[in-house]
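A.B. asks: Chain residues, written in single-letter form:
2 protein chains.
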Amino acid sequence: MTEQVDKINRQLISRGYKLTPQREATLRVLLENEQDHLTAEDVYLLVKNTYPNIGLATVYRSLELLSELHIVEKVNFGDGGARFDLRNEDQPHMHHHLICTRCGKVEEIKDDWLLPMEHRIMREYGFTVTDHRLDFHGTCQACAVEEKDASRKAVS
Amino acid sequence: MTEQVDKINRQLISRGYKLTPQREATLRVLLENEQDHLTAEDVYLLVKNTYPNIGLATVYRSLELLSELHIVEKVNFGDGGARFDLRNEDQPHMHHHLICTRCGKVEEIKDDWLLPMEHRIMREYGFTVTDHRLDFHGTCQACAVEEKDASRKAVS
DNA sequence: TTCTATGCAAACCATTTGCAGGTCG
DNA sequence: CGACCTGCAAATGGTTTGCATAGAA
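These protein sequence lines are chains S and R, in that order. Just so we're aligned, residue 86 is where the first sequence starts under the working numbering, counting upward by one. Just so we're aligned, residue 86 is where the second sequence starts under the working numbering, counting upward by one.
Accuracy of the hints is not assured; some may be wrong.
Because identical chains cannot be distinguished in the list, a pair is counted as satisfied if it fits within a single copy or across any two copies.
Simulated crosslink set (BS3-like; lysine-lysine; CA at most 30 Å straight-line) [what the hints assert, rightly or not]:
(1) Lys-190 <-> Lys-103
(2) Lys-92 <-> Lys-233
(3) Lys-159 <-> Lys-133
(4) Lys-159 <-> Lys-190
(5) Lys-233 <-> Lys-195
(6) Lys-233 <-> Lys-103
(7) Lys-133 <-> Lys-233
Simulated from the structure, these hints should not be mistaken for lab results.
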């Protein structure tokens, strides 16, 4: 993980920014919670564990900086606050999400299924795609089971 | 267009709601601007032309009601305010968007290319998809031309 | 010193809510 | 009357900004 921090540090420097302790703490929280989709508030509370004096505004500023450098991706599931996903550099595009509308859990799909579609968009619309986002809404497996249980109970 | 209003009126009634003048005015604005992706504020200002006394809160409440009935779709492009798209009933799923990051224009794609993907998600993840959203970010044809012009000028 | 970054509090802005009146059946 | 609906104003909640200070080059 520290290699990743080093690497990002170099990215920051090459763009004229510094990896301050606050920025590093924020970054480490993101690295340690790569699977989750944290809100700014979540990140703030977690960073406070290792850096209690940090201000919420600084977390926002750090997250925005990391977004600019395409190190994290700011995503919006429509439920109030924005969330921040670490970007995986060996994946040129954002990963996709399965969002359960019942329990709110967000699962990730790592495959990138959309390249053929992007070529088609270029051909048919003359639109050069640089990025995309794809979210599916529905019911996750666990919730499907629970719903079946609930309806069975309702009948009996 | 009035047939559409009638139809939606019936949908409202069947769910126990009324098509009040305010709701109708809001709905008509959406029908008249089907191609645009209006924010709540946009809708508010347009409705005010035909119904000057309407309050912003009422517009929000009407839009929320229409969202619940799946007559309009609330979408969030990540630029501050939510936008509202009329849903096309012969399309079971949301249409897709091409969002130009240079001029901000939003184009629509009417095709639904994702059904095979949804079947695969069911098989591989046990996730029941009820809806999806797919947005592509990039440069539209017009902007691509302008950028080429700009770079040519820079060279000469 | 000079420029950047930080913490705090205040400001902002889209959206929601409380409430007192209004409408319709 | 009773249930729903509206307009207004106030509250809310996530995010941004102003500003004085602190730190690094």
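A.B. asks: Each of the hints needs a verdict: does it hold here or not?
C.D. replies: Consistency of the hints with the structure:
1. Lys-190 <-> Lys-103: neither (35 Å within a copy, 35 Å between copies)
2. Lys-92 <-> Lys-233: For Lys-92 and Lys-233, the Cα distance exceeds 30 Å both inside one copy (48 Å) and across copies (33 Å).
3. Lys-159 <-> Lys-133: So Lys-159 and Lys-133 pass the 30 Å test inside one copy only (21 Å; across, 34 Å).
4. Lys-159 <-> Lys-190: both (17 Å within a copy, 20 Å between copies)
5. Lys-233 <-> Lys-195: So Lys-233 and Lys-195 pass the 30 Å test inside one copy only (29 Å; across, 34 Å).
6. Lys-233 <-> Lys-103: Neither, since 53 Å and 34 Å both go past 30 Å.
7. Lys-133 <-> Lys-233: neither (41 Å within a copy, 47 Å between copies)
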